[in-house]
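There are 2 protein chains.
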Amino acid sequence: MEDLTQTYLLAIEDELKSALERANDVRDTQLHDILTYHMGWKGKLRRNGPRGKRIRPLLVLLTCSAAGGDWRKALPAAAAVELVHNFSLIHDDIEDCSPIRHGRSTIWKKWGIPHAINAGDAMFTLAHLQSVRLAEMVSQPVGLKAVEVLQQACLHLTQGQYLDLAYENREDVTIDDYWLMVERKTAALVSASTELGALSAFCDDLTCNSYRNFGRLLGLAFQVQDDYLGIWGNSALTGKSVQSDLLTRKKTLPVLYGLSQCGKFAQLWKQNPAKSRELDQLISALESEGGKEFVKSQGVMLVDNALHELEQAHPRGQAGKVLKYLVKSLSDRQT
Amino acid sequence: MEDLTQTYLLAIEDELKSALERANDVRDTQLHDILTYHMGWKGKLRRNGPRGKRIRPLLVLLTCSAAGGDWRKALPAAAAVELVHNFSLIHDDIEDCSPIRHGRSTIWKKWGIPHAINAGDAMFTLAHLQSVRLAEMVSQPVGLKAVEVLQQACLHLTQGQYLDLAYENREDVTIDDYWLMVERKTAALVSASTELGALSAFCDDLTCNSYRNFGRLLGLAFQVQDDYLGIWGNSALTGKSVQSDLLTRKKTLPVLYGLSQCGKFAQLWKQNPAKSRELDQLISALESEGGKEFVKSQGVMLVDNALHELEQAHPRGQAGKVLKYLVKSLSDRQT
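Heads up: the sequence lines are chains P and B, in that order. With my numbering applied, the first sequence corresponds to residues 9 to 343, in that order. With my numbering applied, the second sequence corresponds to residues 9 to 343, in that order.
Since the hints were derived computationally from the structure, they do not count as laboratory data. One thing to keep in mind: the hints can contain errors.
When chains are identical, the list treats them as one kind, so a pair holds in a single copy or across two.
Calculated lysine-lysine pairs in the DSSO-like style (CA-CA distance at most 27 Å, straight line) [said to hold, decoys possible]: (1) Lys25 with Lys50; (2) Lys117 with Lys258; (3) Lys304 with Lys258; (4) Lys272 with Lys283; (5) Lys118 with Lys258; (6) Lys300 with Lys118; (7) Lys258 with Lys300; (8) Lys300 with Lys278; (9) Lys336 with Lys300; (10) Lys278 with Lys52; (11) Lys336 with Lys61; (12) Lys304 with Lys272.
The structure displayed is predicted, hence computed values, not measured ones.
Could you put the whole structure together from the sequences, leaning on the hints where they help?
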């Protein structure tokens, strides 16, 4: 199981590197350096610090293989989703004023906002050039369908990001609003990943649909788990303070649940707690109002539904087993 | 001639509006409002103020028609290049800190940098979704080729923008560096426009190549004329002070010519002239060193070469005539 994942991860890294080489054909520009720095191939990485986990491209290859396809042919699609993910990270870091990612300065912090916006745009373009390669390796109809799937996912990403930015200044955000946002901001690209894997294996519409739904539910589960770890995670493992999500007043699922209860948590939240002791009280209130259990149960339900959708697609072989294992390990993950 | 252009312009505006409708399917977002504001369809326009001139999409349709194709089928490609152009304007305005475009606040000024970055990303995505529509209307191979042509142009745009940003902080920029930058920043998208028009008309490779080169030379001529008007234009017509390019110390072709002469202009330039009288002296020095004539002759040469390439493609009918007229009028333009 380890072996398969390792083989895929190495091939993904090679594919990503050659995709980025396309930006390296003009003298006097460091654009390529900026992009390779962001990908974690240049410059110092924090000791044992994570690069990207490459979850999305791994899902493309695993899905393709589990659906009976040749995973090598899906490599352009795998690189495409990872490049889209990284484009959105580069721009999100500017939009959120985040100075650090994976223990290193973000692009805007290191090269300034103008170069960071432009580098994100370059990454976005390189992602979409991969569809042309996919058409050559698989078929023209699959290449064109990939353009549509990927661009539709990107449109959803920008809509989700709009909502995320807008929620910062709204006091009336509900749990329904939350699902609307994470469907677009997180689930869209994960469902595109599994759909692209299935398309590259020439699956029929029904199977493609199951894989897409599987990806969507997995993406939602992933976000819910992220929100959970943002409050109840082990800070030594996640690398960020367990209180940081509360300090930045992010409207995560636990927070929105707490607010919907109109109890002590909601009351404390309105006082803008910032001290460590106040935040501990906030978490206690949330727990006593059932927030921790609620978020956990939502995550479990999503994982169960994701596994159910995966079964519908009848995944095969070693890759099929890894897919199931991946879903389960995601729900147990600590980072 | 007027009639043909008007017909095309109306059809372009309709196509652009339906392309943007795709971003209008999710509740609670003003993303669509931001995009339509930028396109000049919402909010007050300056009295008689220009919206975009829609030169690039017009070139797509005129080329398609002059090459014997059905211009209506090229509409998705026309909208695509205009959306790419506008995506780059939205991001460039942030990168250049420009508060005003077409007499109105720019997006970042009105909605803030995070929403402006995200709106640009949405515009970019909507542009590329047009390739899927082109595939449906023309053919799958043309649709895929369009993805490649458009994305390659976008990659060049980001490389050109990198150079443009980098040149701001370099004192040793040469005229050669200038051509490298404008090839990517300006000419790439104009050459993609004429190439997409030719592709939509199913031209052979040789004719596509002529149309592409024609677009490239036209794009370069357009930029040179822009630089010329930035110093010697009629400010009442261009809507900006004739000294503004000099005040912002943009490394335009006239400036780089002046610096290369190592004479009085170069000497005055180093003193960072800012007062109106000083700038007048700077312009006088440039003129006496042959700067005005040099830039004019470069523009004339590019227009001649563009017309020559156009002849090679044997443009037909009314659209062919308009194309030639357009090239000539661009070189006489005052705004």
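Exercise. Run the structure past the numbered hints and jot down the numbers of the failing ones, going up.
Key: The structure conflicts with hints 6 and 10, although it agrees with all the remaining ones.
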